[in-house]
Structures are given as structure tokens and as C-alpha cells.
Amino acid sequence: MINMYEVNETNKMIEQENLDVRTITLGISLLDCIDADLQELNRKIYEKITRLASRLVETGEDISKEFGVPIVNKRISITPIALVGGAACKTPEDFVTLAKTLDRAAKEVGVNFIGGYSATVCKGMTQADELLIRSIPQALASTERVCSSVNLGSTKTGINMDAVRLMGEIVLETAEATKEDDSLGCAKLVVFCNAPDDNPFMAGAFHGVTEADAIINVGVSGPGVVKTALEQVRGESFEVLCETIKKTAFKVTRVGQLVAQEASKRLGIPFGIVDLSLAPTPAIGDSVADILCEIGLEYAGAPGTTAALALLNDQVKKGGVMASSYVGGLSGAFIPVSEDQGMIDAVVANALTIEKLEAMTCVCSVGLDMIAIPGDTKASTISGIIADECAIGMVNQKTTAVRIIPVIGKGVGETVEFGGLLGYAPIMPVNPYSCEAFVSRKGRIPAPIHSFKN
Amino acid sequence: MKKTIITVVGQDTVGITAKVCTYLAENNINILDITQTIVDGYFNMMMITDTSMCSKKISVISEELDAVGTEIGVVIHAQLEDIFTKMHRI
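Respectively, the protein sequence lines represent chains A and B. Per this note's numbering, the first sequence starts with residue 1, numbered consecutively. Per this note's numbering, the second sequence starts with residue 1, numbered consecutively.
To be clear, the hints were calculated from the coordinates, so they are not data collected in a lab. Treat the hints with caution; some may be incorrect.
[To be verified] Not the full set, but computed from the structure, chain B residues with beta-carbon under 10 Å of chain A: (1) Lys3; (2) Thr7; (3) Ile31; (4) Leu32; (5) Gln36; (6) Thr37; (7) Ile58; (8) Val60; (9) Ala78; (10) Gln79; (11) Arg89.
[Unchecked claim] Distance condition first, Cα-Cα at most 27 Å in a straight line; then the derived BS3-like pairs of lysine-lysine: (12) Lys265/A x Lys19/B; (13) Lys100/A x Lys90/A; (14) Lys90/A x Lys3/B.
Note that the coordinates shown come from a computational prediction; the quantities given were computed from them, not determined experimentally. The beta-carbon is built from N, C-alpha and C at its ideal position, and this holds for glycine as well.
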């Protein structure tokens, strides 16, 4: 039988160390909504989302109360809209009407984000893909809760550099279109290489075409729990360190697994995966950077950071896979800057640069995330940063992503405030030298040699 | 049987157990096990209960016990047992 020590340990994790289930994300396929008539398409999308997700928020809150664990976000991911809207949308403005419908549906069912205003263009762009991409700035400026992502490359296909070049411009246009809100639109836009089909985390969540009609995916979190556990093993060997992270990740993931199964049962929708990510928030004590410091670094970004992060990421996965039979999504440590107080401190102390963050993305689960850069950064430079990240993902057969925010009207030394879970960020300097001639080349970067496994 | 774990933590005072047990009795909740300690005047109690005969949802019981706790100056949680067994048992 369960004892008081164990009960207190769990409740301490929840109350003092910010253990929570970060998101229950309902994945919904919109493939059966496809229609050549735009008005009809909008109607079908709204109807399907509001029908399937009508009890999502309420169910999440019930589970949260019954188990006493916070479930911070209830969200929806949908089939990439470029696929759904292709038959009906002839202009970027047509796609924007779909974004507005998604926003309306999200508000109706009470979710705080809906992800999947997306296109997958790893090898080439269809006309619909390109129209959708060109509509992103307007779509994000005219909606509140819609998140957009574009998959630009994969280990199997190489990198679509035409799309990379276009996305550099789109990121800047999105920043410009939302400059009144400190270019907030860019916080809802992410580009990927090797994007997973079942990621529950925003802004990159979408419901891949390999998925069932509807599915429940759950993202857990708990950097604070790992940090507190590591406080007990200061100065101990790597073996003890790794063992401690593994055990903690196991416990955290089991909570996610439980919540996922409960949500699936109550909503009558199959369970997909648990995403084992350590996702920080701006709250004190909920930081991945603090874990790195606890492992032994003065600041995140100091020499040794990449090794410490590699170790952390691997142990989180090893502990997590034991706790759930179906893990997926991004699964690992997230290293956003604005959403992590320890990362912000490291940037302010000049310990952390974009180049070091890039190195860290080689071993973490995602990529350059929530990084504010000067608003006068050139589109080609942003494309260059995106291409670098994609190359890391492509060659290492892992997911990488870029979510950077060129803050229009602001420069290095200034700070930008996004609010809520998105936090605030000091604007980081970008390498000033040009890559214009490189990104101007047409076509795509071929898939690496180790992709030929057939 | 659906087991619910009730924890009570806070400054010790007269009548904490009585208050909690009164609520449980009124709501047809059976107590299966109680563990209780006081360290430095700090009250710590865990009850394993059976809520299957109670007509209220666990979320409602949880909210009402929270209110009882606020009244006597302690923190009371009611949580389904699964969260603890999943976390601490393989």
C-alpha cells in the first residue's frame, strides 16, 4: 500500500517544484473536411473541431482536480492546413479565412492554442503550400490562438532551400505585421527539419497524415523536479547523477501516462503518445538552465554546457521510455530563451550566445527557440540561421527547429516582453556577416549519404 | 473500489481529525487506513479512503475538503490513488 512518504513526495513535486502536465493536445484529422468550396470547407472545419473538442477543456479540468495535478494547457492540433485547403484556396487571403475559422473554433471550445496552420515542404512546394506560407504573416496577425509551422527538410529528403529562403522573408514579414505587439506573431511560427507527426507542444504541433482520425497526445514537464532531485547529489559521480535524472524522469512521465490514459478513456478518443519533454516556463524554479547549473555550470552557455545537456537529454529519455510504452513527439529538454529564467540570466551575463545555443541544439530535443534578435536583421541572415539548424537535424537524424523573433524597432541591449508562458527576452546579437549569395542559390540540398538505408 | 488519498498538512490545532472525519462520515466515505504524525507542532495526516459509496464526484469532494481545510487553517487534498501508485510502483 502507498505510504505517507510517497504521497508527500508526489505532492511536494506538484506544489513546490512545479510538476505539471504541460498539455493535453487533441489531434484532429481534417482530411475528411476537404471541399472545393471555401465556405463549405470553413463550415466543415469549424463543425468537426467544435464537435470533437467540445469536452476537452472540461475533461482536462476534471482530471486535474481528481488527481491533484495541474494540467496547464488544453490544446488542439490539426492536419496541416496546406493539405486541407489546397482544393478551395486560390489566394493567400483564402487561406487566411481558414485561420480565422480555426481561431473561432479554438475560442468556442476554450483551448488556448490550435496548431497546424502548416505545410510540409521538405522536398518541394505545391501551389497550395506556397500560398499557405505566403498567408502566414496575415494569418498570425489577424488571429490570436492559431500557431503555424513549416517543415523544411528531413534526413530522407534533404533541405528545401527555396522554402528556407522564403521562410526567412516570411518570418520578417510576420514580425512586421505584428510589430505593434513586439512582433509576437513570430512566437507562434516555427520551422522544422524532421518534424514529428505527433508533437503535442506549440507552436509546432500538427496532426500528421500518418495519424488516426483523432488522438490524445500528452506533454509532461518538470524541470523543477529534476533540479531539486539533483540538489541532493551535488559532487557525486556521473553514475549517480544519471541515475537520479532517470528516476525522476520516470516518475514525471508516469503522471503524464496516467493523465493521457484517463483523458483518452473519458473522451473516447485513442491515446497516442506521451512527449517526455522538460519544458521550462518563466516561473522561478521551472528552468532547464537551472538544471545545467546544478549539474555544475556557473551559467548555461559556459564550456561543458553541450555535454551536460546531452547527458540530461539522454537520461530523460531513458527514464521516460520505461514509464510509457508509447513515447513520441519531441521528447527531451527544451531550451527556449524567453521562457526560461535561467537562460535569460545567462544571456544577460553574456554567457550564452546564439552560436552556443546552436551547438546545444545538436544534443537537445528541438532547436533555436524563442530567441529575440534585432528587428533590422536581413531575411537572408534568418534563412541562413534556419538552414544551419536544418542541416544539424538532417545530418543527425533528429528534429530541429527555429523560432526566432526579429523584434521590429528594437536592437541589441533592449528587452522584449511577450507575457504569460512566452516570457521576456533580451535581444541577442546576430553574426553581422552576409550569407546572401549562399541562400540565393535555387533548389535543394540533397539528402545525406546515410539516408540511403533501403 | 475507487481509493482516494486524503492528505492534511498544517499547524496542529484541536479538532482537525474530527472535522475531516465528520465531513467523510456525512458523505458516506469509508476510511480504510490512517497514518498521522506531528513534528514540531506540524500536523501531517494521510488517509486512504473508499469513495465509491459517495454520490459526489472526486473533484467536488476535493473542492469541499479544501474549503474545510481553509476553515481550520490546514491544507487538505483529496486525490485518486492512481497518481501515487503510478509514480511509485512499477
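Status of the hints after comparison with the structure:
no.: 1; hint: Lys3; result: holds, 9 Å
no.: 2; hint: Thr7; result: holds, 6 Å
no.: 3; hint: Ile31; result: violated, 13 Å
no.: 4; hint: Leu32; result: holds, 9 Å
no.: 5; hint: Gln36; result: holds, 9 Å
no.: 6; hint: Thr37; result: holds, 8 Å
no.: 7; hint: Ile58; result: holds, 4 Å
no.: 8; hint: Val60; result: holds, 9 Å
no.: 9; hint: Ala78; result: holds, 8 Å
no.: 10; hint: Gln79; result: holds, 4 Å
no.: 11; hint: Arg89; result: holds, 8 Å
no.: 12; hint: Lys265/A x Lys19/B; result: violated, 35 Å
no.: 13; hint: Lys100/A x Lys90/A; result: holds, 16 Å
no.: 14; hint: Lys90/A x Lys3/B; result: violated, 57 Å
In terms of the numbered hints stated before, the structure departs from hints 3, 12, 14, listed from lowest to highest.
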